[in-house]
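Under my numbering, think of the first position of the sequence shown as 319, with each following residue one higher.
These are calculated hints, taken from the structure and not from any lab test. Owing to the predicted nature of the structure, the values given are computational and were not obtained by experimental measurement. C-beta atoms are modelled at their ideal positions from N, C-alpha and C, and glycine is treated no differently.
Computed beta-carbon distance windows for the label pairs: (1) G515 <-> V323: 43 to 53 angstroms; (2) F480 <-> E395: 52 to 62 angstroms; (3) D405 <-> P478: 52 to 62 angstroms.
Dumping the calculated EDC-like pairs for lysine to aspartate or glutamate here, alpha-carbon to alpha-carbon at most 20 angstroms: (4) K441 <-> E570; (5) K391 <-> D405; (6) K441 <-> D452; (7) K421 <-> E539; (8) K441 <-> E588; (9) K441 <-> E428; (10) K391 <-> E415; (11) K421 <-> E495; (12) K441 <-> D482; (13) K421 <-> D378; (14) K441 <-> E567.
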Amino acid sequence: LLRPVSRVAEATHRLAAGAYDTRVPEPTGDDEIGRLARDFNQLALTLQRNEAMRREFMADVSHELRTPLAVLKGELEALEDGVRRLDASALRSLQGEVATLNKLVDDLHELSLADVGALSYRKAELDLREVLDDTAGAFGERLRTSGLALQLELPGDPLPAFGDARRLRQLFANLFENSCRYTAAGGALRVQARREGRHMCVDLHDSAPGVRDDQLPRLFERFFRAEPSRSRRSGGAGLGLSICQRIVEAHEGRIEARPSPLGGLWLRVELPALG
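When you get a sec, could you build the whole thing from the sequences and use the hints?
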């Protein structure tokens, strides 16, 4: 009776010492000893995955920080050596790299606050149609620069919801920006909103290029890019959709990615309706 319990106790000491690949044999029975062994193995697997994610996250952060810092160092050395003139073009290049660093740090700060539940929300009654209309208006020039046609399909009646208007604008701004970055010029972005039962549904369809089916569930992972070969300037750091997911979850909603009938990505946001 004590032998399997002793094995679990010994394995617990190894697990506490950082040996996350530790496992114990699982008995075939469904008694307390068998459930203890299975629970231990599940705990060890979860800790092993979390450690792997932590190491991957630290590697990704260091990589994203190293690249703009290396560019800044090269630019400054070129200016110092007289290889490059200190003109408006050089200043714009330096400012662009500083902006990239600022955006990355801000996004990491947002995610860290969301993870500990410290991201502030001031929820009130609002019209989701107005939030979408304001976001679309703010992105008019950005869409034109990207060569994308906006198809905004909103109902004539209000879409009452309960949430933080500022955070929801941030959510949809990130989704609009995602389409601007990834959709090929000459394409389109279609935004549809409607009420379905107890939910407000917002669908954002963009045109090609699309995302492979096996990559769709990973789009909301931190630093994940559907095309790793994309440059940072066009693809960002891969944090925007992670922030979107946190904002949606804070509003007790959900967000998912699907293949779009337009040939690109379909992002669906569902938020609780008011009333």
